[in-house]
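Work out the full structure, taking the sequences as your base and the hints as a guide.
Chains as they are written, first to last, in this note's numbering: chain A, 1 to 319; chain B, 1 to 320; chain C, 1 to 275.
Worth flagging that the hints you see were computed from the coordinates, not collected in a lab.
Built from N, CA and C at the ideal position, the CB exists for glycine as well.
Please note: incorrect hints may appear among the correct ones.
Unchecked claim - In silico SDA-like links for lysine to any residue, alpha-carbon gap of 20 Å or less:
1. A:Lys7 - C:Glu191
2. C:Lys218 - C:Asp25
3. B:Lys210 - A:Asn24
4. B:Lys193 - B:Tyr110
5. B:Lys200 - C:Glu52
6. A:Lys19 - B:Ile117
7. B:Lys259 - B:Gly151
8. A:Lys41 - B:Gly151
9. A:Lys7 - C:Ile144
10. C:Lys209 - C:His55
11. C:Lys154 - C:Thr207
12. B:Lys200 - C:Thr80
Claimed, not checked - Short derived list, chain C residues pointing at chain B, Cβ under 7 Å:
13. Tyr37
14. Thr80
15. Pro82
16. Ser105
17. Thr109
18. Met113
19. Gly132
20. Val135
21. Asn136
22. Arg145
23. Gln146
Residue-level listing of the chains:
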Amino acid sequence: MQPYIFKPKSRIRDFIIEKFIAVNAFTALIVILLIFIFIFKESIPIFTSHEVQSEASLDKMIFKQQYYEGRDPKWSWQPNSEVPKYSLLPLFLGTLKAAIVAMLFSVPLAVGAAVYTSEFAPRRLREIIKPVIELLAGIPSVVLGFFALIILASILQTAFGFTYRLNAINAGIALGLAVIPIIFTIAEDAMTSVPQSLREAAMALGANPWQISFTMVLPAALPGIAAGIVLGFGRAIGETMIVLMASGNAAIISGGFTESIRTLSATIAAELAEVVFGSAHYNVLFFVGTLLFVFTFIVNLGGELVLGRLKDRLQGRQK
Amino acid sequence: MITHLAHSASEIKDSESAVQFRSKSSGAFPRALTLISVILIIAMLAIVLGIILFGGVRVISWEFLSSPPENGMEEGGIFPAIFGTVALVFLMVITGVPIGVLTAIYLHEYTRPDSKITRIIRLAINNLAGVPSIVFGLFGLGFFVAFIGTGIDSAFFGSGRPVWGQPAIIWASLTLALLTLPVVIISTEEALKTIPRELKDASYALGATKLQTIRRVILPQAMPGIITGAILAISRGAGEVAPIMFTGAAYYLPYLPLKLNDQFMELGYHVYVMATQSPDVEKTKPILFGTVLVLLVLIFLLNFVAIFIRSRLRMRRMHG
Amino acid sequence: MVESEIRFQFGEVASESSHHSAGIDDPKMTVEDLYFYYGSLRAINNVSINIEKSHVTALIGPSGCGKSTFLRTLNRMNETIPGTRMEGIVRLDGVDIYRQIKDVSTVRTRVGMVFQKSNPFPKSILENVAYGLKVNGIKDKDIIRQAVEETLQKAYLWDEVKDKLDKSAYMLSGGQQQRLCIARALAVRPEVLLMDEPASALDPLSTSKIEDLIGELKKNYTIVIVTHNMQQAARISDFTAFFYEGNMVEFGPTRMIFTKPVKKQTEDYITGRFG
Numbered sequence: 001m002q003p004y005i006f007k008p009k010s011r012i013r014d015f016i017i018e019k020f021i022a023v024n025a026f027t028a029l030i031v032i033l034l035i036f037i038f039i040f041k042e043s044i045p046i047f048t049s050h051e052v053q054s055e056a057s058l059d060k061m062i063f064k065q066q067y068y069e070g071r072d073p074k075w076s077w078q079p080n081s082e083v084p085k086y087s088l089l090p091l092f093l094g095t096l097k098a099a100i101v102a103m104l105f106s107v108p109l110a111v112g113a114a115v116y117t118s119e120f121a122p123r124r125l126r127e128i129i130k131p132v133i134e135l136l137a138g139i140p141s142v143v144l145g146f147f148a149l150i151i152l153a154s155i156l157q158t159a160f161g162f163t164y165r166l167n168a169i170n171a172g173i174a175l176g177l178a179v180i181p182i183i184f185t186i187a188e189d190a191m192t193s194v195p196q197s198l199r200e201a202a203m204a205l206g207a208n209p210w211q212i213s214f215t216m217v218l219p220a221a222l223p224g225i226a227a228g229i230v231l232g233f234g235r236a237i238g239e240t241m242i243v244l245m246a247s248g249n250a251a252i253i254s255g256g257f258t259e260s261i262r263t264l265s266a267t268i269a270a271e272l273a274e275v276v277f278g279s280a281h282y283n284v285l286f287f288v289g290t291l292l293f294v295f296t297f298i299v300n301l302g303g304e305l306v307l308g309r310l311k312d313r314l315q316g317r318q319k
Numbered sequence: 001m002i003t004h005l006a007h008s009a010s011e012i013k014d015s016e017s018a019v020q021f022r023s024k025s026s027g028a029f030p031r032a033l034t035l036i037s038v039i040l041i042i043a044m045l046a047i048v049l050g051i052i053l054f055g056g057v058r059v060i061s062w063e064f065l066s067s068p069p070e071n072g073m074e075e076g077g078i079f080p081a082i083f084g085t086v087a088l089v090f091l092m093v094i095t096g097v098p099i100g101v102l103t104a105i106y107l108h109e110y111t112r113p114d115s116k117i118t119r120i121i122r123l124a125i126n127n128l129a130g131v132p133s134i135v136f137g138l139f140g141l142g143f144f145v146a147f148i149g150t151g152i153d154s155a156f157f158g159s160g161r162p163v164w165g166q167p168a169i170i171w172a173s174l175t176l177a178l179l180t181l182p183v184v185i186i187s188t189e190e191a192l193k194t195i196p197r198e199l200k201d202a203s204y205a206l207g208a209t210k211l212q213t214i215r216r217v218i219l220p221q222a223m224p225g226i227i228t229g230a231i232l233a234i235s236r237g238a239g240e241v242a243p244i245m246f247t248g249a250a251y252y253l254p255y256l257p258l259k260l261n262d263q264f265m266e267l268g269y270h271v272y273v274m275a276t277q278s279p280d281v282e283k284t285k286p287i288l289f290g291t292v293l294v295l296l297v298l299i300f301l302l303n304f305v306a307i308f309i310r311s312r313l314r315m316r317r318m319h320g
Numbered sequence: 001m002v003e004s005e006i007r008f009q010f011g012e013v014a015s016e017s018s019h020h021s022a023g024i025d026d027p028k029m030t031v032e033d034l035y036f037y038y039g040s041l042r043a044i045n046n047v048s049i050n051i052e053k054s055h056v057t058a059l060i061g062p063s064g065c066g067k068s069t070f071l072r073t074l075n076r077m078n079e080t081i082p083g084t085r086m087e088g089i090v091r092l093d094g095v096d097i098y099r100q101i102k103d104v105s106t107v108r109t110r111v112g113m114v115f116q117k118s119n120p121f122p123k124s125i126l127e128n129v130a131y132g133l134k135v136n137g138i139k140d141k142d143i144i145r146q147a148v149e150e151t152l153q154k155a156y157l158w159d160e161v162k163d164k165l166d167k168s169a170y171m172l173s174g175g176q177q178q179r180l181c182i183a184r185a186l187a188v189r190p191e192v193l194l195m196d197e198p199a200s201a202l203d204p205l206s207t208s209k210i211e212d213l214i215g216e217l218k219k220n221y222t223i224v225i226v227t228h229n230m231q232q233a234a235r236i237s238d239f240t241a242f243f244y245e246g247n248m249v250e251f252g253p254t255r256m257i258f259t260k261p262v263k264k265q266t267e268d269y270i271t272g273r274f275g
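Right, here's the structure in full:
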C-alpha cells in the first residue's frame, strides 16, 4: 500500500489570512483610541483658539463668571442666551445628584439581593432569580426613561407633592433600576466565587448560615462587591436617555434633590442637534463628551483592576 | 444541607454545659431582609412591565404593526419604525459580528492568555463596554459622518450636496456595531472555551493547519455561542437611542430606508421623541405605549432565544 | 501483577539485554538525546531509543513519568502547546523531523496518532474518516468513498457501520468510536501509528478487539503504544521501554523486560511495588 503524497499547503494564503485576523482583533483597541482622538479633536479649539476662548475657555467653564455688570458672578450654563454661559458646575452637580440617588436606591437592594441569592436561596430559586434580574438588565434605557417620565413622576408627585414633576429623585430611581442588575451580577458572582473551603471552615466552628455569610463570605467578596458598585456608579454617570427624559433638564445649581437637574450626558444629547457646526458651543459639547469618556474610562479601569486582583487572590488560595 | 450541618453543629455545642456560648441568632432576620430586597426588585420589574403591557396591549393590532403613522402620530401604526429597527440591526450584525468573532478567535487560538497583546486587547474591550452611549453618538457623528462621510464625498462627489457626509443608516449601524462589539466577543469566547482540546488535537494530528482546524472544527462547534452573541447584540442595539440620535434616526420620514445613505425611523428613537416632544401628549399616549410594548416584546423575545441557546451550550459543555 | 504469570507466558529466557538497541536492526524512527521542557519544568531527561519498523513498541511507567509527552514528540504534537521546548533529534527514516521537514503536516500524516479518550468529530462517520484526506487536499468524492471503506475495513469496523455512514459518529459505542478514530488516523496512510492508552477507557471486550486490531496492523505499520496496563504491554508488544520521572530507565524486547529486567526500578514497577 503506497503512502499518499499530498500537495504542499499554501503558506502564503494562510499567512495573509492570519494577519487579517490579527488586524481585526485590534479593532477594539483602535476604536478606543479613535473615540478619544475624534472627540477630543473637536474640543481642541477651547485650548487653542482665542475666538473660542473669549466665549468658553477652561477658566470660564470652571470658575464663577460675572456675566452682567452690576450683578454677582455666578455659575451658569446657558449656551443659547445673548451672553453665552458655559459653566460646567451645574452639569457636574446634576450628574452627581442623579448618580447619588441612583446608588442610594440601588446598592442596598442589589447587594441584599445578591447576598440572598448566593447565600440563602435554594438552588432552584437561584436559577429563577438570576434570569429575572437579567431581564431587568435587558430593558433599554429609553423604556426606563419613558416609564419615569410618564408614570413614575406622577406617582412620586402624588405621593410626595414635589414642586417639579421631573427632578433628580425621579431620574435617580429609574437610573437605579438600570444599575441594579450590574451591581447584583458582579456582587453575586464575587460571593459564589468564595471557595467552599472557607465556608466549611466556618461551618466546622458551628456558625449558622448568616454568620458564615457575614463573617467569612462578605469580607472575602468585598473587593468584588466594591468593584460592582464602582462599575454601577460609572454606568450611572454616563447614562443618557433616562436622565434626558426624566430629570427636567434644568441646568441649575441647588442643594435639593427635588428640583430639576441637567446632567453632562443629557446636555450633549439635548443640545447637539441644534448646535452650529464648529461653534464654541459645539466645541464645548465635545469637551463635555471627552470628560465623560475619560471619567468612565478611569472608573472602569479601577473596577476591572479590582476584579482582576480579586480573581487572582481567590485562585491563589485555591491552588 | 449546609443549614442542616450548621444546626446539628450548634446543637452539639449547646449541649455542652462547660463552655457557654452567647445565644446565636438563627440568622432569620438578615435572611428575611435580603429576601425582601429580592422581592422588591422583582416587584418593581413586574410593575414596570405590567403597566407597559396594560397600557399598550389595547393598541396592538395587525394594522398597528403594518401601517405608517398618520395625523401626527395620533393614529396609524409604526411599521416604518419596525422596518427601520430591523434594517438597522441587520446592518449592525453583518458588520459587527465578523469583527467580534475574528477578535475572539485571535485571542483564544493565537495568543497566550498572559501575553501583553492579550491583556491590552482585553483592556480595550472592557473599556469599550463601559463607554457611555452618548459618547458613541458623538463618535458616530464626529468620525463616521463628519470624517469618513465627508471624506468620501470630497473624494467622489466634489463639494456640493452631501451624499455620505450626513446622518445615514450605515453610519448608525457601524456605530452600534462598535458599541455591541464586546458582547459578541465575550459570547464567542465563551463558546470557544467549551471546545475540548482533544477535538483540536485530533485535527492537528491528521495534518490540518490551524486555519483548517478553525474552519472545520472550531467554528462549527462555536456557532451556537456566536449566534447567542449576535442575538444579544441585536437586543442591545435595538434598544439604544443615544448613538443613533445624530447619526441617522428621524422621527417622521415618508420613505423607508432602502439605500445605505438613507435616514430611518426607529422604535427606540420614536419612543423618545414621542414621549418628550409630542404637542398633545394625551392623544399620542396610546401609540406611545404601543410602541414601547412592541420594542420591549422584541427585545425580550431576542433575549429568551439567546438564553435558550446559551443553556443548550452549557449543557453540551458538561456532557462533552 | 504476578511475576510468575509472566514467567509462565514466556518461559525462561537467558540473555543479556543491552540498554538501548536490543536487537533493533531496522529502526523506523530514532530518538537521540531528547530533552523536553514545559516552561522551566523538565519532563523528559536525555532519552534515546530506536523504534523498530513493523513492530509494536510499548511505553510503560507510572502516571506523570513523561511517556505521553514523549509520544507526542514523535509527531511534533507538542508544538500545539505554547511554552514548550525540545532538545535532541527525532528521525523518521533517518530524516530529522524537526529541522529537516518544513511543513509539520507532512510529519503528522506520516506519523499518525490515536488518543486516550476517543475523540471523533461531531460529524458523520464518513466525514470523520474522510477528514484527514480532505484537509490534505483530496477532493474527489469517489476516491474518498473508496478510501473510507478501505480504512474502516482495516479497523474492523466496516461491517458495523457500512449502512450508517452518514449518521453521527456519536451514535457509536465507546469501543466503536475508538476504532473509528483508528480508521480516521489510518485514512491518510501513515507509516507510524502512535497510540496513547487507546483502550484505557474501554470495557474488556472492546479492549481485546483493539488488541487484535493492533496485532493485525503491525504487519503494515510501525506502532508505538503508551499503556499503563502491563498485561496489555506484555500481550501485544515486541519491545518495551520503561519510563520513570522523565527518564527511560530500561528498554528491550518485551519478554526480557518482563522476565529478566536489568534495573531494580523496572522490576519493582513490574511486580507492582509502586505505580
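Consistency of the hints with the structure:
1. A:Lys7 - C:Glu191: Between lysine 7 of chain A and glutamate 191 of chain C the Cα gap is close to 18 Å, so the pair holds against 20 Å.
2. C:Lys218 - C:Asp25: 16 Å, holds
3. B:Lys210 - A:Asn24: At roughly 17 Å apart (the allowed maximum being 20 Å), asparagine 24 of chain A and lysine 210 of chain B satisfy the hint.
4. B:Lys193 - B:Tyr110: Status holds; Cα separation ~13 Å.
5. B:Lys200 - C:Glu52: 29 Å, violated
6. A:Lys19 - B:Ile117: 14 Å, holds
7. B:Lys259 - B:Gly151: 19 Å, holds
8. A:Lys41 - B:Gly151: 17 Å, holds
9. A:Lys7 - C:Ile144: 16 Å, holds
10. C:Lys209 - C:His55: 18 Å, holds
11. C:Lys154 - C:Thr207: Holds, at roughly 16 Å.
12. B:Lys200 - C:Thr80: 9 Å, holds
13. Tyr37: 16 Å, violated
14. Thr80: This hint holds: threonine 80 of chain C lies near chain B, its Cβ roughly 5 Å from the closest one there, short of 7 Å.
15. Pro82: 5 Å, holds
16. Ser105: 4 Å, holds
17. Thr109: 4 Å, holds
18. Met113: Check passed: Cβ of methionine 113 of chain C comes within 4 Å of chain B, closer than 7 Å.
19. Gly132: Where the cut-off is 7 Å and the nearest Cβ of chain B is about 4 Å from glycine 132 of chain C, the hint holds.
20. Val135: 4 Å, holds
21. Asn136: Because about 5 Å separates asparagine 136 of chain C from the closest Cβ in chain B, which is inside the 7 Å limit, the hint holds.
22. Arg145: 18 Å, violated
23. Gln146: Violated, about 18 Å.
Taken one by one, the earlier hints fail for this structure at numbers 5, 13, 22, 23, listed in ascending order.
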